[in-house]
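Student: Letter by letter, the chains look like this.
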Amino acid sequence: MIQLLLHKKLHTAKGMMPLDIDLAITPGEFVTLYGASGAGKTSTLRMISGLLTPDNGKLVVNDVVWLDTSKKTNLKPQQRKLGFVFQDYALFPNMSVLKNLEYALEKHQDNSIITELIDMMELGELQHQKPSTLSGGQQQRVALARALVQQPEILLLDEPLSALDTKMRIKLQDYILKVHQKYKLTTILVSHNIGEIIKLSDRVCLLEQGKIIKSGIPSTIFATHQMSAKFQFTGEVLSIQKEEVVFIVTVLIGTNVVKVIAQESEIANLTTGDTVIVASKAFNPVIQKVL
Amino acid sequence: MIDWEPLILTFKLALITTVLLLFLGIPLAYWLAYSKSKIKPVIETLVSMPLVLPPTVIGFYLLLAFSPSNTFGNWVSEWLGLHLIFSFEGLVIASIFYSLPFMVQPIQAGLSSLPKQYKEASYVLGKSKFKTLLKIILPNIKPALLTGIVLSFAHTIGEFGVVLMIGGNIPGKTKVASIAIYDEVEALNYSTANTYSLILLIITFSILLIVYLINGGYLKKMNR
Amino acid sequence: MNTLTGQISTIEVNGSLALITTRVNDVFFTAIIVETPETASYLKLGATIKVLFKETEVIIATQTPEYLSLQNKVIGQVTQVDKGVLLSKLVINTSVGDIVSVITTKAVNQLGLTKGNHVTAMIKTNEILLSE
Numbered sequence: 001m002i003q004l005l006l007h008k009k010l011h012t013a014k015g016m017m018p019l020d021i022d023l024a025i026t027p028g029e030f031v032t033l034y035g036a037s038g039a040g041k042t043s044t045l046r047m048i049s050g051l052l053t054p055d056n057g058k059l060v061v062n063d064v065v066w067l068d069t070s071k072k073t074n075l076k077p078q079q080r081k082l083g084f085v086f087q088d089y090a091l092f093p094n095m096s097v098l099k100n101l102e103y104a105l106e107k108h109q110d111n112s113i114i115t116e117l118i119d120m121m122e123l124g125e126l127q128h129q130k131p132s133t134l135s136g137g138q139q140q141r142v143a144l145a146r147a148l149v150q151q152p153e154i155l156l157l158d159e160p161l162s163a164l165d166t167k168m169r170i171k172l173q174d175y176i177l178k179v180h181q182k183y184k185l186t187t188i189l190v191s192h193n194i195g196e197i198i199k200l201s202d203r204v205c206l207l208e209q210g211k212i213i214k215s216g217i218p219s220t221i222f223a224t225h226q227m228s229a230k231f232q233f234t235g236e237v238l239s240i241q242k243e244e245v246v247f248i249v250t251v252l253i254g255t256n257v258v259k260v261i262a263q264e265s266e267i268a269n270l271t272t273g274d275t276v277i278v279a280s281k282a283f284n285p286v287i288q289k290v291l
Numbered sequence: 001m002i003d004w005e006p007l008i009l010t011f012k013l014a015l016i017t018t019v020l021l022l023f024l025g026i027p028l029a030y031w032l033a034y035s036k037s038k039i040k041p042v043i044e045t046l047v048s049m050p051l052v053l054p055p056t057v058i059g060f061y062l063l064l065a066f067s068p069s070n071t072f073g074n075w076v077s078e079w080l081g082l083h084l085i086f087s088f089e090g091l092v093i094a095s096i097f098y099s100l101p102f103m104v105q106p107i108q109a110g111l112s113s114l115p116k117q118y119k120e121a122s123y124v125l126g127k128s129k130f131k132t133l134l135k136i137i138l139p140n141i142k143p144a145l146l147t148g149i150v151l152s153f154a155h156t157i158g159e160f161g162v163v164l165m166i167g168g169n170i171p172g173k174t175k176v177a178s179i180a181i182y183d184e185v186e187a188l189n190y191s192t193a194n195t196y197s198l199i200l201l202i203i204t205f206s207i208l209l210i211v212y213l214i215n216g217g218y219l220k221k222m223n224r
Numbered sequence: 001m002n003t004l005t006g007q008i009s010t011i012e013v014n015g016s017l018a019l020i021t022t023r024v025n026d027v028f029f030t031a032i033i034v035e036t037p038e039t040a041s042y043l044k045l046g047a048t049i050k051v052l053f054k055e056t057e058v059i060i061a062t063q064t065p066e067y068l069s070l071q072n073k074v075i076g077q078v079t080q081v082d083k084g085v086l087l088s089k090l091v092i093n094t095s096v097g098d099i100v101s102v103i104t105t106k107a108v109n110q111l112g113l114t115k116g117n118h119v120t121a122m123i124k125t126n127e128i129l130l131s132e
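Residue numbers (the UniProt record's numbering), protein chains in the order written: chain A, 1 to 291; chain B, 1 to 224; chain C, 1 to 132.
Here chain A stands alone, though its shape is the one from the complex:
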């Protein structure tokens, strides 16, 4: 169980913004923080990891007090057992992939975990390369592996996939889900991508101006209405094309491209790149076994 109660006055580009986070997370839960940039998502992760100190607050992780400003308890980042994946990976440029992972080992820790992580993240062929020679997706896999070397119970991911293209993003999402389940992690993700959030998280917290304004199951939070459509997917609009009296909207769902016929009123506030729900009744699709 993680109990978070954090208050801090943040100095942002728009001036002073008070951050007020009150959140309880159960072990094994996958929670996503969602909100506009500057809403306080990254600051929250930094306060959990100890890289930023709140003005006042309390942080209890599995009955261990990490922070209690009223008792002047404040564990250093070094003393907090968690994995952190930074937005721009933060791989050490002077070390190879393998050395980056080995650096993360604790004193006297058995290095069999390194072999396991290299296998799982498919880094075998890259292990002797320097980070600068790797692609974004490869660097992200190394960063994820490095964060798991000490086998933490908590994994913090700060917009880990924002710099990747869609195909790579989907692959990395699968890696994240895999490690979340395999190591029974409690994962806190910061993400802007609604499709990603629905796919990965058990719960999403909407942050606005430093406060959680809404929290719940992602598909319920993001769908404005409940609908009796059983054939529902979240995707990204790739293109909108006018054909006679209708419009054809091309949507990327996972790695599949689908097309939906729409009316002018439906596409009025839709642009390429938007996240949409594509829905149909369970009666319409046909099903066929793939030979």
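A hint or two may mislead.
Stated by the list, open to error - Which stretches of chain A does chain B cover? Using the computed rule of at least three CB atoms under 8 Å from a CB of chain B, they are:
id, segment
1, 65-79
2, 92-98
3, 102-109
Simulated from the structure, these hints should not be mistaken for laboratory data. Note that CB positions come from ideal geometry on N, CA and C, so glycine has one too.
With chain A fixed as given, assemble chains B and C onto it according to the hints.
Tutor: The following block gives chains B and C in isolation, referenced to the frame of chain A:
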């Protein structure tokens, strides 16, 4: 045949000064790069003073400070048995002050431009500040360290005013190359002065050229 | 998407299927859905609900036929006809508001549909979506 002693003395002084400056410069640059202290601008100014002050001014005040008639100079000479005026030890200390900005400024700039995520990633992995400095920060600012080392070394070779004020002109102790050149010119031995000057010119040129080649990545390109 | 708002008047459940009748003004719309009052909180008698159906699912007839399986019928007058090469869009003014239908241009020509015609718009039970 020229007297090699001033040249050897010059390089010995530059080498010792640079090594001591490296150990002094790293923590000082680290503090200047990361501290949010209110006295930081004052310290930064003090470190940069030798860049703009005439060397003779530094030499003059160090002379006063080191003088045995002064409390500090007296303490040093009584407790440490060091006579800092007109001695090689005194020259080393004066040179450290004189070349301090040349070591501190490149390292401080290197530290400031290194993304703070590297440091933070290391802390989150449970590594101490010292281990992070040694294994992550310093290896990633090698060009800045090299620049600091070489500039301090070259600058110490070129010092004149400070040496003249505090070291005087004692052969084998404080008579460095720059002083020797001045001496030879005074004595109208232009050809000896020219030899000393040429040697200094060639060595300084070579050192600086090597630094620019390494930091510019030219040597790596040639190997490919 | 055609969107109408009405009140649920009957709910018939069998297994995980439900047949819902919704009253919109003087017209009843029937929808079959894979959802029951237990799985969907918005399924309550008298609750206000949205009845949604796609324009391409609206069938047009020039008379009201009695011999079809279609449950949802609305009478109205054509107020607009946009003809494309293959598809055409009709706007029909009815007692529940405007309903848009997209059918083939061939069908429009066969029925001789023009502005002012009185038509019946029909939607299959399984094509109607319900939403809060």
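Student: Evaluate each hint against the coordinates.
Tutor: Here's how the hints hold up against the structure:
no.	hint	verdict
1	65-79	holds (count 4)
2	92-98	holds (count 3)
3	102-109	holds (count 3)
Checked against the numbered hints given earlier, the structure satisfies every one of them.
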